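A.B. asks: Numbered according to our numbering, the sequence shown spans residues 322 to 551.
Hints listed in this document are in silico derivations from the structure and should not be mistaken for laboratory results.
Since the structure is predicted, the reported quantities are computational estimates derived from the model, not experimental observations.
We put the CB at the ideal spot given by N, CA and C, even for glycine.
Treat each hint with caution, since some may be false.
As the list claims (entries may be wrong) - Quick list of simulated restraints, FRET-style, between CB atoms: (1) Phe-408 <-> Ser-354: 35 to 43 angstroms; (2) Trp-473 <-> Leu-367: 12 to 20 angstroms; (3) Asp-467 <-> Ile-409: 28 to 36 angstroms; (4) Pro-402 <-> Ile-492: 27 to 35 angstroms; (5) Ser-354 <-> Ile-540: 34 to 42 angstroms.
As the list claims (entries may be wrong) - Straight line, CA to CA, 30 angstroms or less: simulated DSSO-like cross-link-like pairs of lysine-lysine: (6) Lys-405 <-> Lys-337; (7) Lys-398 <-> Lys-462; (8) Lys-392 <-> Lys-337.
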Amino acid sequence: MSRRIKTNKTDVDFWKESIHTKLSYTMAILAFSIQFFIGIRHIETLFGQLSILESMFALSGILVLDLIHGKRAIYPKEFKPVHKNLFIRFSIIFGVIALIQYIFQYVPITISDAERALAIIFAGVSEEMLFRGIMMEPFFKAGINDEKLHLWGNRWISYMEIFGILISGTIFAIFHFSYYDNLGLGLMVIVGGFWLGFSYWYWKDITAVIIAHILLNVIFVLQTYWMVVL
322 MSRRIKTNKT DVDFWKESIH TKLSYTMAIL AFSIQFFIGI RHIETLFGQL SILESMFALS
382 GILVLDLIHG KRAIYPKEFK PVHKNLFIRF SIIFGVIALI QYIFQYVPIT ISDAERALAI
442 IFAGVSEEML FRGIMMEPFF KAGINDEKLH LWGNRWISYM EIFGILISGT IFAIFHFSYY
502 DNLGLGLMVI VGGFWLGFSY WYWKDITAVI IAHILLNVIF VLQTYWMVVL
């Protein structure tokens, strides 16, 4: 791989626009509202406290993600257009991360009620706002003028961006390890976190990674919830 200061075309567009599409912004509001409400209802339990924590992740995406991105308003003056290849993007992201889950053959949770299932599904929104959006943004900025490594075609990546992918994926895994206290889940999530981080870097599309994460959590819910019901 050769070293050179280079800018990807997607990066140029990325800095001109809001990070949010109308879809991602709406999902963040829903995630905050649902998880906060569920958390308050179960505030005396660890589940309720974690739901409130997850709701704060979503709220940070609503209030500060665009500010960190360099915009001067909390509410986007103009939303980023939903990309025409959104379906292809989130399908690829979901396909790979579902394969990772299949390889590890690990279902991490037991879901006994609809509220718990709902909180887990919308955790996909909240976690992407924090771990991919807010956490990776400073590394994207720091790597703008750095020398970049040539990956393939017209794709270039800086060491700071690589570091951002690794850091966000690792912290993402640590968060889940403390959440479920299981080494198998930690290994699965760290690989999945690296993939989600790479996908966000590659496409700069928070909506695609959110939808993929939601779909994965829906699969988890269906696997475990129906096992309990049946």
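A.B. asks: Among all the numbered hints in the text so far, which are the ones the structure does not match?
C.D. replies: The structure breaks hints 1, 2, 5; every other hint is satisfied.
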